[in-house]
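Enquirer: Residues per chain, in single letters:
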Amino acid sequence: AQTVTQSQPEMSVQEAETVTLSCTYDTSESNYYLFWYKQPPSRQMILVIRQEAYKQQNATENRFSVNFQKAAKSFSLKISDSQLGDTAMYFCAFSRYNNNDMRFGAGTRLTVKP
Amino acid sequence: GAVVSQHPSWVICKSGTSVKIECRSLDFQATTMFWYRQFPKQSLMLMATSNEGSKATYEQGVEKDKFLINHASLTLSTLTVTSAHPEDSSFYICSARAPSSTLSREQYFGPGTRLTVT
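Residue numbers (the working numbering), protein chains in the order written: chain A, 87 to 200; chain B, 339 to 456.
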């Protein structure tokens with residue numbers, strides 16, 4: 087079974103600074119997808135960034151980028167120029183290539199301080 | 339685009355009664371919908387996967403007779419919690435996958451439904 091581990095229950099960062107959230111996963115698959123989702127206080131899940139395992143290039147979406155280390159099964163999220171609106175729970179998720187479901191990590195609560 | 343709605347957003351019911359939660363894809367046809375449960379300050383736990391026109395596939399440990407899922411159309415899936423008890427109180431979230439996102443595995447999430455059983 088696939089497992090997703092987020093070892094940082096809570097993190098904080100000063101506004102405008104950079105923060106990195108860690109995620110590791112366990113799988114025997116070679117093709118799969120990884121995601122970072124954001125859940126603000128409204129509890130609406132929002133896709134932040136997506137990485138396809140067969141792509142070596144790290145995904146980037148504006149201030150959000152990932153460091154995907156396939157051999158180490160690591161998928162960290164870097165948030166640059168942190169903004170107050172980035173305050174939320176962040177979930178790392180894994181989906182197998184030929185399977186419907188998505189497995190989530192326990193989440194990291196990020197607080198951006200003014 | 340890719341908006342998923344849920345109704346109701348919050349429901350309170352008495353122990354022993356049943357409650358139905360609707361999940362709709364507003365601007366796309368969802369071949370596959372998912373139901374998750376989220377306890378306070380915890381992660382999302384997949385309960386079941388439903389494909390339009392077929393029976394739902396439940397995760398291990400989820401009682402299919404208690405959590406009835408119907409995916410009768412490409413835009414609507416319902417979750418019925420039957421004979422609800424206080425321990426069923428939770429936040430229920432649905433998500434949908436459009437055919438165009440099948441390869442990317444992206445899911446579009448609804449805003450969630452808070453169920454409180456008294």
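Source of the hints: derived by calculation from the structure; they are not laboratory data.
Hints are supplied without guarantee of correctness; some may be wrong.
Sample of chain B residues at the chain A side, in silico, Cβ under 10 Å [claimed, not checked]: (1) L364; (2) F366; (3) T370; (4) Q376; (5) L384; (6) T387; (7) T395; (8) I431; (9) R435; (10) E444; (11) R452; (12) T454; (13) V455.
Derived lysine-lysine pairs resembling DSSO-like cross-links, with alpha carbons at most 30 Å apart [as the list claims (entries may be wrong)]: (14) A/K156 <-> B/K404; (15) A/K156 <-> A/K141; (16) B/K358 <-> B/K393; (17) B/K393 <-> B/K352; (18) A/K199 <-> A/K164; (19) B/K352 <-> B/K402; (20) B/K379 <-> B/K358; (21) B/K379 <-> A/K164; (22) B/K404 <-> B/K379; (23) A/K159 <-> B/K379; (24) A/K164 <-> A/K141; (25) A/K199 <-> B/K379.
Pairwise CB distance ranges (calculated) [what the hints assert, rightly or not]: (26) B/E390 <-> A/Q143: 32 to 40 Å; (27) B/Q398 <-> A/P200: 40 to 48 Å; (28) B/S343 <-> A/P200: 27 to 35 Å; (29) B/T355 <-> A/K141: 45 to 53 Å; (30) A/A192 <-> B/T420: 39 to 47 Å; (31) A/A192 <-> B/P424: 23 to 31 Å; (32) A/R149 <-> B/K358: 19 to 27 Å; (33) A/Q130 <-> B/S411: 21 to 29 Å; (34) B/H345 <-> A/N148: 27 to 35 Å; (35) A/A192 <-> B/S356: 28 to 36 Å; (36) B/N389 <-> A/K156: 29 to 37 Å.
Backbone N, C-alpha and C fix where the C-beta goes; we use that ideal spot for every residue, glycine too.
Enquirer: Tell me the hint numbers this structure goes against, listed in increasing order.
Expert: 1, 2, 12, 13, 14, 30 and 32
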